[in-house]
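Engineer: Each chain is listed here by its residues.
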Amino acid sequence: MIPRHQTVLFIVLLAASVIMGVLLWNQLRRAHDRLLRGEDSAPTQAPQVAPAEQATLMVANDADNTVQPRILSLPLPQNPEARARAILGKLLDLYAAPDAAHPVPGGASSIEQLFLVPIADSKGTAAPDGSELAVVNLTPAFAAGHPSGLETESLTVLSICSTLNANLPHVTEVRFLVDGEPRATLAGHADLTRTYLTSEDAVAAGGGL
Amino acid sequence: MAALIAIPASGPIFAQAPAAAPRFVVVLDAAHGGDDAGARLGSEAEKAYTLALSIRLRSLLMARGFGVVTTRESDTSLEPGSRAQIANHANAQACISLHATESGSGVHLFVSSLAPVQNAHFDARFLPWKTAQAAWIMRSLSFAGVVNSALSHATVHVTLGRTALPAIDSMTCPTVAVEVAPEQSTNAQGPASLDDPDYQARVVDALAAALVEWRSQAREASQQ
Numbered sequence: 001m002i003p004r005h006q007t008v009l010f011i012v013l014l015a016a017s018v019i020m021g022v023l024l025w026n027q028l029r030r031a032h033d034r035l036l037r038g039e040d041s042a043p044t045q046a047p048q049v050a051p052a053e054q055a056t057l058m059v060a061n062d063a064d065n066t067v068q069p070r071i072l073s074l075p076l077p078q079n080p081e082a083r084a085r086a087i088l089g090k091l092l093d094l095y096a097a098p099d100a101a102h103p104v105p106g107g108a109s110s111i112e113q114l115f116l117v118p119i120a121d122s123k124g125t126a127a128p129d130g131s132e133l134a135v136v137n138l139t140p141a142f143a144a145g146h147p148s149g150l151e152t153e154s155l156t157v158l159s160i161c162s163t164l165n166a167n168l169p170h171v172t173e174v175r176f177l178v179d180g181e182p183r184a185t186l187a188g189h190a191d192l193t194r195t196y197l198t199s200e201d202a203v204a205a206g207g208g209l
Numbered sequence: 001m002a003a004l005i006a007i008p009a010s011g012p013i014f015a016q017a018p019a020a021a022p023r024f025v026v027v028l029d030a031a032h033g034g035d036d037a038g039a040r041l042g043s044e045a046e047k048a049y050t051l052a053l054s055i056r057l058r059s060l061l062m063a064r065g066f067g068v069v070t071t072r073e074s075d076t077s078l079e080p081g082s083r084a085q086i087a088n089h090a091n092a093q094a095c096i097s098l099h100a101t102e103s104g105s106g107v108h109l110f111v112s113s114l115a116p117v118q119n120a121h122f123d124a125r126f127l128p129w130k131t132a133q134a135a136w137i138m139r140s141l142s143f144a145g146v147v148n149s150a151l152s153h154a155t156v157h158v159t160l161g162r163t164a165l166p167a168i169d170s171m172t173c174p175t176v177a178v179e180v181a182p183e184q185s186t187n188a189q190g191p192a193s194l195d196d197p198d199y200q201a202r203v204v205d206a207l208a209a210a211l212v213e214w215r216s217q218a219r220e221a222s223q224q
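Protein sequence lines correspond, in order, to chains A and B. The numbering of the first sequence is the numbering used here, which starts it at 1 and goes up by one. The numbering of the second sequence is the numbering used here, which starts it at 1 and goes up by one.
The set of hints was computed from the structure by calculation and includes no laboratory data. All residues carry an ideal CB built from backbone N, CA and C; glycine is no exception. Mixed in with the good hints there might be a few duds.
[Unchecked claim] Coverage of chain B stretches by chain A, computed from C-beta distances (three or more under 8 angstroms per stretch; other residues unrestricted): (1) 33-44; (2) 56-66; (3) 81-93; (4) 211-219.
[Stated by the list, open to error] Now the stretches of chain A that chain B is said to cover, found in silico as 3 or more residues with beta-carbon under 8 angstroms: (5) 8-19; (6) 77-85; (7) 191-198.
[Said to hold, decoys possible] Some chain A residues judged to face chain B by a derived CB distance under 10 angstroms, without partners named: (8) Pro-98; (9) His-102; (10) Pro-103; (11) Glu-153; (12) Val-157; (13) Leu-158; (14) Ala-187; (15) Gly-188.
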């Protein structure tokens, strides 16, 4: 026969276990609710660390083989290299959108680095007009995912060069790298080994031939 | 250092070709080939499409009395420099680089984006290999105008542009790059896919007609 005190102890322990289980389940539910509330209150937009300014994006269109200016208000940093990278990032974001007139996957993260280098003569003296060479280093994923075609690749190169020139007029030359290395073509057509003169691009953008 | 090429000292090849060669020579460059498949066109690769286009255009041109040189007749790899080398050795009066894509609409017609060489700086004997086309840009633009007219006459939607394409940048002849895309415009003929035989025939016939017109213009110029 079970002693009376052991029966009482068993009942007390069972009651304590049930109460602790209920409390634990309640705490778990509260923690889950707190987590969900925390996600809801998380910022949905990146904090703007710079004031919004107007930028001119030269946006390509595959349907008519043109590059047309589009003026947008963007938060732009003061540093010229960061500024150029932010503008080109926005341009590539437009191309990565589902309804883009010039669809190219990748978006802003496709620009690995961007450098502005003063153009020097053969003696190493910087040009008196302060003209600069922009070196755009693209990610391998961007080059691999870019649609292959003479028109689409030419438009991508043209729109990047024209956008740089429209927002940073002292950028007169542009060179492209992929993952830090020179590359023969973007996706089988457009030459990436040459230095592009932004004045040539202005001619090309002005109505083809 | 850029490699140099030698060309006749008395001026562009075009001016002296009729006396030297009895036939009007055209170079057809089917883009890509071998390991380089080019763009995907549905189930087909661009290299196969351009080769078929080149062979079809060659037949039409030979029937019209042209001398035709093709950069490739099969699925073989060719470097851009080799394509230009074949074209430059042919002393051609016109060069066409053939491409195809699924983006855009109609035919995309391109001329090299190199800046034209000014006459004062033009040394006809030696040209930098990578920018040799610069001396022919003005003639290439004229040739593109003739091709544009012929394609428009055939109700093909045409877009014009300039491009940096290594193969044509080294060619020493009037050169255009022709990229065929599906016809999406709502003209009299309606939309057409790249596989559409009627569309292919219209494009190839228009290119042949353009070359006939270009030849007659060259003969008129040589008689003056």
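Engineer: Give a verdict on every hint.
Structural biologist: Outcome of the hint check:
no. : hint    : result
1   : 33-44   : holds (count 4)
2   : 56-66   : violated (count 0)
3   : 81-93   : violated (count 0)
4   : 211-219 : violated (count 0)
5   : 8-19    : violated (count 0)
6   : 77-85   : violated (count 0)
7   : 191-198 : holds (count 5)
8   : Pro-98  : violated (15 angstroms)
9   : His-102 : holds (8 angstroms)
10  : Pro-103 : holds (8 angstroms)
11  : Glu-153 : holds (8 angstroms)
12  : Val-157 : holds (7 angstroms)
13  : Leu-158 : holds (8 angstroms)
14  : Ala-187 : holds (8 angstroms)
15  : Gly-188 : holds (6 angstroms)
When held up to the earlier numbered hints, the structure conflicts with 2, 3, 4, 5, 6 and 8 and fits the remainder.
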